[in-house]
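Using the sequences and the hints, build the whole thing.
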Amino acid sequence: MEFVYEVEGGDFTKAGNASSAVKKTLKQLNVSPKIVKRIVVALYEAEVNIVAHAYKGTISVNINQDQIHIVLDDVGPGIPDIDLAMQEGYSTASSKVREMGFGAGMGLPNIKKNVDDLKVSSEVDKGTKVEMKTYL
Amino acid sequence: MKISEIVRILNAKVACGQAHVDMDIERGFASDLMSDVLTLDTDKMVLITGLANMQTIRTVEMADVQCVLFVRNKQISADMLELAKEHDMILLQCKYSMFNAVGMLYEAGLKPVY
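Which chain is which? The protein sequence lines are A and B, in order.
So that you can map any letter, position 93 of the first sequence is 81 in the numbering used here, and since no number is skipped, the others follow by simple counting.
Start counting at 1 in the second sequence, then tack on 4, and there's your number in the numbering used here.
Hints may contain errors.
[To be verified] Below, in silico cross-link-like pairs of lysine-lysine (BS3-like), each with a Cα-Cα straight-line distance of 30 Å or less:
#1 K121(A) <-> K100(A)
#2 K12(A) <-> K99(B)
#3 K115(B) <-> K100(A)
#4 K6(B) <-> K84(A)
Rather than coming from a laboratory, the hints here were simulated on the basis of the structure.
Here is the structure:
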């Protein structure tokens, strides 16, 4: 099954709506709570990243018997140095993002820790694509 | 420690989840940084925070945390309350500073996460 969610950049009131919907679906599918938590923590961090850094984005979630594959594709400033962005503590977040309890440079490392396979690709001034795969 | 004990020690207000105050809590984690909360894998935990916004509630939802204690008299908005109720969370509010609240709970036997 496949679901697509639209995410608006800068709108913190809705940040987490997509992750919440995915969590609900995975619970209904009786996926083990430990795996659900890993997936939604990674997805939520990535969703917050779109809200915090991009202008808009889409989240596509594909679930089958063996795995869940999530692609977050945004239109935004992009990441000039992905290796640097993957380092714990490195952040370009605004003070507004920090006020929301994020922006300490933990997002991407946190995502990496919680998924089985992560691919990040980006083009400066165009956007960023984050692909994450978790085996069920 | 039961949640009702936390309420008593800190003279806290139960904003929602009154029906679950008999629940046992073993550990506390104090943070205003939600990304740090998302790194935890601990059951029976109370999050002690001064960050009162929608992202606190969303973080708690994703991280499967049952109970949140807001310190420094931070106010819980109607939106936060609605979302917390939807997910059966227990939200507490106290007037103490983070340091003071954490100290009192530690002294009463609440364990740290690490």
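We went through each hint and held it up to the structure:
Of the pairs offered as hints, the one joining K121(A) and K100(A) holds, with about 10 Å between alpha carbons and a cut-off of 30 Å not exceeded. The straight-line distance between the Cα atoms of K12(A) and K99(B) is roughly 34 Å, outside the 30 Å bound, and the hint therefore fails. At roughly 29 Å between alpha-carbon atoms, K115(B) and K100(A) fall within 30 Å of each other, so this suggested pair holds. Taken as a hint, the K6(B) and K84(A) pair is broken in the structure, with Cα atoms around 36 Å apart against an allowance of 30 Å.
Taken one by one, the earlier hints fail for this structure at numbers 2 and 4, listed in ascending order.
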